[in-house]
Amino acid sequence: MRIVVVGNGMAGSRFVTELTDRTKDFRVTVMGEEAWQPYNRVLLSNVLAGGYGPDQVRLLDPSWYGEHGVQALLGTQVHHIDRETRAVIAASGERVPYDILVLATGSEAVVPPIPGVERAISFRTLDDCQQILARSTGASRAVVVGGGLLGIEAARGLAGRGLPVTLLHLAGHLMERQLDAEAGLVLGETLAALGVEVRTGVNVAEVLDDGVRLADGEFVPGDLAVLACGVRPLTRLAQDAGLEVRRGVVVDDEMRTDDPSIFAIGECAEHAGTVYGLVAPAWEQAEVAATVIAGGKALYRGSRLVTRLKARSVELAAMGETHLTEEHAEVVRFSHRAKGTYRKLVIKEGRLVGAIVLGESDAVGTLTHLFDRGGPLPGDRAGLLFPGLSGAAAADSPVRMPDSAKVCQCNNVTKGQIRACWEAGARDVAGVAAATRATTGCGSCKAAVEGIVGWLCEQEGVSA
Amino acid sequence: MKSHQSTIDVVRTHCPYCALQCGMTVTAGTPVVIEPRTDIPANAGGALCQKGWTSGELLSHPDRLTTPLLYGKPATWDEALDHIASRLAELRREHGPDSVGVFGGGGLTNEKAYTLGKFARVALGTSQIDYNGRFCMSSAAAASIRAFGMDRGMPFPITDLASADVVMLAGANVAETMPPFVRHLPRLIVIDPRRTATAKLAWLHLQPAPGTDLALALGLLHLAIAEGLVDDDYVARRTNGFDAVKTSAAAWWPERVERITGVPVARMRQAAFALAKADRAIILTGRGAEQHAKGTDTVTSFINLALALGLPGREGSGYGCLTGQGNGQGGREHGQKADQLPGYRKIDDPAARAHVAGVWGVDPGTLPGPGRSAYELLAALGTADGPRSLLLFGSNPVVSAPASLAVAERLRSLDFLVVADFVRSETAELADVVLPTTQWAEESGTMTNLEGRVLLRRQAVEPPNGVRSDLFVLAELAARLGDHKFATEPREVFDELRRASAGGSADYSGITYERIADETGVFWPCPSEDHPGTPRPFLDRFAHPDGRARFVAVEHRPPAEEADDDYPVYLTTGRVLAHYQSGAQTRRIAPLVEAAPETFVEIHPALAEHLEISSGDQVRVTSRRGSTETVARVSDTIRPDTVFMPFHWEGANRLTNPALDPTSRMPEFKVCAVRLERVA
Ligand SMILES: Cc1cc2nc3c(=O)[nH]c(=O)nc-3n(C[C@H](O)[C@H](O)[C@H](O)COP(=O)(O)OP(=O)(O)OC[C@H]3O[C@@H](n4cnc5c(N)ncnc54)[C@H](O)[C@@H]3O)c2cc1C
Ligand code: SF4
Chain V
1 MRIVVVGNGM AGSRFVTELT DRTKDFRVTV MGEEAWQPYN RVLLSNVLAG GYGPDQVRLL
61 DPSWYGEHGV QALLGTQVHH IDRETRAVIA ASGERVPYDI LVLATGSEAV VPPIPGVERA
121 ISFRTLDDCQ QILARSTGAS RAVVVGGGLL GIEAARGLAG RGLPVTLLHL AGHLMERQLD
181 AEAGLVLGET LAALGVEVRT GVNVAEVLDD GVRLADGEFV PGDLAVLACG VRPLTRLAQD
241 AGLEVRRGVV VDDEMRTDDP SIFAIGECAE HAGTVYGLVA PAWEQAEVAA TVIAGGKALY
301 RGSRLVTRLK ARSVELAAMG ETHLTEEHAE VVRFSHRAKG TYRKLVIKEG RLVGAIVLGE
361 SDAVGTLTHL FDRGGPLPGD RAGLLFPGLS GAAAADSPVR MPDSAKVCQC NNVTKGQIRA
421 CWEAGARDVA GVAAATRATT GCGSCKAAVE GIVGWLCEQE GVSA
Chain H
1001 MKSHQSTIDV VRTHCPYCAL QCGMTVTAGT PVVIEPRTDI PANAGGALCQ KGWTSGELLS
1061 HPDRLTTPLL YGKPATWDEA LDHIASRLAE LRREHGPDSV GVFGGGGLTN EKAYTLGKFA
1121 RVALGTSQID YNGRFCMSSA AAASIRAFGM DRGMPFPITD LASADVVMLA GANVAETMPP
1181 FVRHLPRLIV IDPRRTATAK LAWLHLQPAP GTDLALALGL LHLAIAEGLV DDDYVARRTN
1241 GFDAVKTSAA AWWPERVERI TGVPVARMRQ AAFALAKADR AIILTGRGAE QHAKGTDTVT
1301 SFINLALALG LPGREGSGYG CLTGQGNGQG GREHGQKADQ LPGYRKIDDP AARAHVAGVW
1361 GVDPGTLPGP GRSAYELLAA LGTADGPRSL LLFGSNPVVS APASLAVAER LRSLDFLVVA
1421 DFVRSETAEL ADVVLPTTQW AEESGTMTNL EGRVLLRRQA VEPPNGVRSD LFVLAELAAR
1481 LGDHKFATEP REVFDELRRA SAGGSADYSG ITYERIADET GVFWPCPSED HPGTPRPFLD
1541 RFAHPDGRAR FVAVEHRPPA EEADDDYPVY LTTGRVLAHY QSGAQTRRIA PLVEAAPETF
1601 VEIHPALAEH LEISSGDQVR VTSRRGSTET VARVSDTIRP DTVFMPFHWE GANRLTNPAL
1661 DPTSRMPEFK VCAVRLERVA
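Protein chains in written order, with the numbering used here: chain V, 1 to 464; chain H, 1001 to 1680.
Because the hints were derived from the structure by calculation, they are not lab data. From the three backbone atoms N, C-alpha and C, an ideal C-beta is built for every residue, glycine too. Watch out, some of these pointers could steer you wrong.
[As the list claims (entries may be wrong)] Here are the simulated SDA-like pairs of lysine to any residue, each with C-alpha atoms no more than 20 Å apart in a straight line:
1. V:446 to H:1359
2. V:415 to V:426
3. H:1200 to V:443
4. V:406 to H:1591
5. H:1200 to V:21
6. V:348 to H:1515
7. V:406 to H:1633
8. V:297 to H:1557
9. H:1346 to H:1359
10. H:1200 to V:348
11. H:1277 to V:51
12. V:446 to H:1183
13. V:406 to H:1201
14. H:1200 to V:386
15. V:446 to H:1203
16. V:339 to H:1266
17. H:1200 to V:426
18. V:446 to H:1637
19. H:1200 to V:51
20. V:415 to H:1234
21. V:446 to H:1045
22. V:446 to H:1557
23. V:406 to H:1611
24. H:1277 to H:1234
25. H:1200 to V:361
26. V:406 to H:1590
27. V:297 to H:1560
28. V:297 to V:107
29. H:1200 to V:383
[Stated by the list, open to error] Taking CB as the label site, the calculated pair distances span:
30. V:261 to H:1540: 17 to 27 Å
31. V:111 to H:1243: 49 to 59 Å
32. H:1594 to V:461: 55 to 65 Å
33. H:1270 to V:350: 30 to 40 Å
34. H:1612 to V:164: 52 to 62 Å
35. V:278 to H:1228: 50 to 60 Å
36. V:119 to H:1540: 31 to 41 Å
37. V:63 to H:1270: 31 to 41 Å
38. H:1162 to V:298: 28 to 38 Å
39. V:350 to H:1228: 44 to 54 Å
40. V:297 to H:1082: 50 to 60 Å
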């Protein structure tokens, strides 16, 4: 059986490895427009920010395809699907027959139809990234258009390289789909402190050589313009082939299109009315499709979305229904703008259905797990926002400690026993140790024992 | 057996319990007097934990067995041994040599472990031998052999810990399992799903969901690569295979790992930097990381991290595994493992077979091949092609094996079960014949501690009338089964072991009882009597033929059993301070029972509130494999999605999952799915 995969991005490359893990019986061909070995698109922001070189984001070594008997046609764009003869036709005219076809063409960056837009660089591929980096070295100021996840990561990355950045955003606050207004505001202030000037509610009308012009005529300087205005699923192949396409290529729970021999996964696919724009769903879909195609049973039931900003010194996680208000849900909120902290929980029927965690916090891990897996929430919601608040028992002073408190865990010695030992004449740690064995295990109770003995001596008016 | 032991001798020996093998003196008398030794580095400064302090109490315990039991009735030694020999011979005649199985333990001395392996291969001719160490450190052993070509738990002396700038402990609660170990620790990073006594001492505690340590290690490696923390020069000079590992790590960016593990990215970053920026750093794994169906790969991912940072084989730095059982290290070296011959040799290696057969005076062709691993052996008992009888030494699988109800069922289905023990353990209760044996202070022998340091346990007291040593039992049976002559004096056995191990990976040939005494222990490998022993075997080269360490690319995967609607909570198991292993010894000692009287289940307040459970409530915990009742202990030291039970009491292991690691055959003790309900 011949399997052909169109698109060698995050979903396509994952599908190929998942399939070869499950079976070696198929002949697999993967065709990708990008000439690179498959790479981790998610890390492009980190490449832009510095630190990661192109070889540090590679998902498969060049030798992988040979070792696994997979044919990889890199730098090959597919032009057409011929469903009659079951073949795909590449731009070069080459025909590749398939028994099963998997579409994983992903998305393309949205380029707004404004004058001069060709002067700006989109931010989607490794090539884009390298182009931005090449231009950034000679630039004096950057303008990033679009204040979603990608635009923010790009802006932060460029600022981290020492380039002043202006971030222009159409909506009233940053990441308006994931954040409420206050979170957007706090995020903007955090970015400002890191060298990113944030302007919201502005509409870019034209891209010039040395800046952009806003709809109201204002000129914003910047000799490097980066576009992060959202993405659009690449569905043309499917559309031309007559497959059902709405926003994305429509698939069922097995990731199959309305042609049983054609599957679609990743950002080009639309499942249950949703087109996902994150990698976790793309990989889940790749696994489901690989299992089904290998003859197994698997169903995709949709994904819970956690958006996690990857920008140095800006910790932000947003998940689920962050926009629900008190009318429809229980909302817990903490805001401390001066510290760049904003935390919000949205709870419905005893379940965490949404959260925003802005600013460094140990809460993020627990909240993500509660959101992903359900699980009971404590009645005391504050503990969720401030982990450790309830847990950290105050270091008990020798005075306040009850006699029953265990002082030496290793030898099961209580304060009462130490007191008894003192009453029997022991006046230092060695004496207590000889009688009770306290401090002879891990040794970490030594200070506590000293404290108790010292306090007892003081009480008596004798110095220890 | 030693005959004229003066009762006032102060005998320098070691604790009967854990792998730290604290030095202690034992003075015979009623009661015996135990004092810490100060010359043994493991417990330098005269430390002992409560288990060690009270270890003398079991010597004269009323539960002590002093006469063989034949079908529950007292019998003479000759009656018992004759009966065993004739039953085994009969089974062998009717069903072949593999109808007899042997199961050993990581608490047995080197001499006993060695003799047990020899007994199985020579006197019984069975391939069906394995031991409870499979449940202990087998994943770390497999990973170390893969990476370094050799498995010596800590390939450096314990004193290196104190001189390190930072130590990372992945899945080890040393503050409870081996408290004096804590004294060696510098700045500490602890990875544990529970805020354990050890985690409370840590500078940084990473609290991943159970079964996600592998992802966490991949995330740390990813960070190390991304932040330019890799020791490129070391990687080029001393290792192979980094490129493939680097590529696989690209898929484990920290934000993804955070979602899987629940460990905040900022904390991962802190940990990666602390390890990388330290002059000397050490990474240690314990059962928490290892007892998984992906334990070998989990350890491998920590070793990959250590290698990327250039730690192993550098003085003062490194990777090590914290062995748990008293002789967990030596017990895995001398042939009680299904695939192994003495000296850490492989049983399917023709040269190894020829060498060992030569020492044993048999034809190499008569040695059986590899047999079943521990759980597979237990699960096969009494089945159509499995062993029909079992000889069990130093283990209590009714309490300690995973899915223990099924294992007990297998034991009951045997034609014939023989248990050698000093108390009537839960497993001994099922035996046809119980043989009362000597314990630690009543006999001599060597133990190899968690550092790979061979130590001498000396006899300090006379055994009670009626008990015999395991060596005696094996020699008597071997004689009855085929006229074999097995040594019974520990020193004589050790000298034979030295010859059998010569030239192997764990070479003991240069170690003598005198040297151990004079040098307070000798590190293997030690190939000749004038060889100083090898405290740090990897300083110049690793044990692979090319001298290099190997990176191995590994992938994270979820636990073998994930939480779902029916079983929504994860269970993880472990130890408490006052007890040791299956508790057969420690649950009989009054001060330890007072410290930890009963089994319990630790539940987070949020989960407890949801289930309407309060501390002290009786709770039923149920998994797909069984159910047990226990007492709730509500505590915020556990994650809300997880409960913890100690495994020292029969019960916890009814629940655990016997899914096996494909390489080490380690069962997944550390995570399974359960449900809890309050019992009225
Ligand atoms: C800078 C950046 C940061 C991101 N950060 C995150 C993040 O932190 N977390 C997260 O979850 N997601 C993140 N994403 C989104 C994530 O990368 C995408 O969701 C994911 O890549 C989607 O995978 P895909 O395979 O569907 O599409 P893609 O990865 O885009 O792959 C599609 C591939 O198909 C090829 N192709 C298209 N048409 C054809 C054709 N006709 N013939 C041949 N080949 C074709 C394309 O060239 C491309 O290589 C980020 C994206 C970017 C750009
Ligand atoms: S149990 Fe371990 S730590 Fe405790 S005294 Fe014995 S050897 Fe030392």
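Taking the hints in turn, this is what the structure says about them:
no. : hint                        : verdict
1   : V:446 to H:1359             : 52 Å, violated
2   : V:415 to V:426              : 14 Å, holds
3   : H:1200 to V:443             : 14 Å, holds
4   : V:406 to H:1591             : 14 Å, holds
5   : H:1200 to V:21              : 41 Å, violated
6   : V:348 to H:1515             : 70 Å, violated
7   : V:406 to H:1633             : 16 Å, holds
8   : V:297 to H:1557             : 19 Å, holds
9   : H:1346 to H:1359            : 16 Å, holds
10  : H:1200 to V:348             : 34 Å, violated
11  : H:1277 to V:51              : 17 Å, holds
12  : V:446 to H:1183             : 12 Å, holds
13  : V:406 to H:1201             : 16 Å, holds
14  : H:1200 to V:386             : 18 Å, holds
15  : V:446 to H:1203             : 19 Å, holds
16  : V:339 to H:1266             : 16 Å, holds
17  : H:1200 to V:426             : 29 Å, violated
18  : V:446 to H:1637             : 23 Å, violated
19  : H:1200 to V:51              : 34 Å, violated
20  : V:415 to H:1234             : 51 Å, violated
21  : V:446 to H:1045             : 13 Å, holds
22  : V:446 to H:1557             : 43 Å, violated
23  : V:406 to H:1611             : 29 Å, violated
24  : H:1277 to H:1234            : 15 Å, holds
25  : H:1200 to V:361             : 19 Å, holds
26  : V:406 to H:1590             : 18 Å, holds
27  : V:297 to H:1560             : 18 Å, holds
28  : V:297 to V:107              : 28 Å, violated
29  : H:1200 to V:383             : 19 Å, holds
30  : V:261 to H:1540: 17 to 27 Å : 59 Å, violated
31  : V:111 to H:1243: 49 to 59 Å : 37 Å, violated
32  : H:1594 to V:461: 55 to 65 Å : 35 Å, violated
33  : H:1270 to V:350: 30 to 40 Å : 33 Å, holds
34  : H:1612 to V:164: 52 to 62 Å : 58 Å, holds
35  : V:278 to H:1228: 50 to 60 Å : 28 Å, violated
36  : V:119 to H:1540: 31 to 41 Å : 60 Å, violated
37  : V:63 to H:1270: 31 to 41 Å  : 35 Å, holds
38  : H:1162 to V:298: 28 to 38 Å : 52 Å, violated
39  : V:350 to H:1228: 44 to 54 Å : 45 Å, holds
40  : V:297 to H:1082: 50 to 60 Å : 58 Å, holds
Comparing the model with each numbered hint stated earlier shows that hints 1, 5, 6, 10, 17, 18, 19, 20, 22, 23, 28, 30, 31, 32, 35, 36, 38 do not hold.
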